[in-house]
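Residue numbers (this note's numbering), protein chains in the order written: chain V, 78 to 228; chain A, -5 to 502.
By construction, these hints were calculated from the structure, which means they are not laboratory data. Worth double-checking, as some hints may not be accurate.
Short, incomplete list of chain V residues facing chain A, as computed with Cβ under 10 angstroms [claimed, not checked]:
# : residue
1 : Ser82
2 : Gly177
3 : Val190
4 : Leu207
Glycine residues also receive a C-beta, built at the ideal position from the N, C-alpha and C atoms.
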Amino acid sequence: MRLLSGRHLRELMEAYVGEPEGLPPIDLEGQSAFIEEYFAAGAPELKMLFAVCGIALRALSIFLKGKPFSRLTSHEKDELLNRVMSSRNPLLRGVAVLPGLPLLMSYYRRPEVAVPLGFDAKALKEESNLRVVTRDRSLPPKAGQGGEVGK
Amino acid sequence: MILGPTDVKGDVSRSVDVVVIGSGAGGGPIAKELAGEGHSVVVLEEGGHFTREDFNLDPADSYMKMYRDAGQTITLGVPFILLPMGKTVGGTTTVNSGTALRMQRPVLKKWQLTHGLTEIGEDELNLIYGHLEEYLFVKRADPEVAGKVATTFLSGAEKLGLSCGWLPRNAKECEGFGACAFGCPSGSKQSVDVSFIPDAVKAGADIYTRCRAEELRVSSGRAAGVRGRFLDPATGRPNGKRIEIEARVTVLAAGAVFTPYLLLRQGLANSSGQVGNNLQIHPATQTVALFDEPLGPPKGIPQCCYVDEFKGEGIMLEGGTVPPEIHALALPFAGRRNARLMASYPNMGIFGGMVSESDSHGRVLDLRRPGNRPAMLYNLRGRDVEKARAATVLMAEIWFAAGAKRVFTPFAGHYEITGPRDLRRLERSRVRAGDILGMSAYHPLGTCRMGSDPKWSVVKHTCESWDLEDLYICDGSVLPSSPGVNPQLTIMAMAMRCAGFIDERLSA
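Could you put together the complete structure from these sequences and hints?
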């Protein structure tokens, strides 16, 4: 079951991710599927809170900006999110912070996003496969790496 | 053998010498030691068994597979604190950073004076630490593979004349793949899943995975084993198969949150009223620094160096580098500001500050939530907020000394620090617990503390329950306070000690 409508989720994704230069656009289907999976594996309350925060952001949009979230320009959405995020009221701030967790994670975990930023998990995994470490004690330690511990 | 739910054809009923609940820093060493002494040992582990081949440097994937609640465990209080805990063979050691420090000497003195733990001697502990360090290949992080984030941070600390260095880690031939918290992909990190558990299995122990302990068996006033259920790997829900282990000795090593939760649910071992109380964690803040030039490739050791100038005041700085999906969450902005900074991901470094000796205490509640999820209450007290702020200021000073142009902090009103003026403003401002954005914490401890007085403690210095004969508790919950550093080595040391007492009991 979807947490929020596709349109609302897309609006939130776009607002949080914020059109990074030189990186691909959001992938609503793929990222939504990840978010569903991520919440299914986690605490049920968090999934509910995510939906609540999405609705609360809509209400805050009307209260602080005088129009619905969907009608805000991307600049206004940006302003709203960062304003709420800077609040010294922890509950209010939480409304903007919590949705960022799955939304940003779902975007930056995509290889087509992470690789141009310099993080290629697949290449690192392949490299690590060439360097498997065992508990064999026959290897001599590298120079200068004694067993000194404690301070 | 390591047995998953598909290896088990029906209900399991067995009689053994020792049943261990949990396969982490407490349970793993006990299973290995006692199986090695020839005792029949069964371990129940709620999480799955994953190996090097499964570790693909994908943080979200490992959160979902190997962390409790996909890493979304949150304490209730001000502020909400994210408390990630492992749920896999090896427990949190499989997904920790591999820091392997001995406890601080003054802490042991405090345990002896305040908790009456005079039987735990410094010489004895040092002998055990020495053995563990050899067994786990503990050595200081290699600066050549540490990564530029770490070397840059340390250069800043050195410029300021602060006490700092490379952390001892339980990693053998580490090449810095940067994924300790998501499962070491080369098998370098000597977590319990690649050290104690394989050796326990070689010595004859059986490990049941995806197997949740639900009830301790009690017979004639003594612990007599455990009942539990196997879980479906896909849903995490019971799959219909049950397990019942009758044991001469029962060891509860499910961690400082789940151990008291299990006891509270049954109303066991709690004549002191201390089960679930005294929850201590290491709250942490982080700073992100932006440089003009790239800080090198993402390879490096995520947590490899420290600044311990203020360890006496309970502040330790430890950290390094994280993948983009985690990095984006550490920035205190959303939308375009976040995107603009993320475009400079290669030019950024991240470092954490840990309140290693906290004045705040929380508790694990006897509150039944669906899916075996305990609730934890924890409020960060004023002095700890001050420590978190001091750690943040110190990290920012170090970053600037290392050449950073801007530093981002989690304190509302002080998200962006551009120089000394902003820093002084943060230093002078009145901060409250609720001002900290997205705080995380690690190392839950103290909820079944050991001590010499049954009125104030849950277990004896041997880790045996004061109330229930043949029940031993051995995990982070028995440490009466934080060891002042990352606790895995101390939990293992207590487990080795505890195994000796259990062996004596069984051999008598």
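* **Numbered hints the structure breaks, given as an ascending list** => 1
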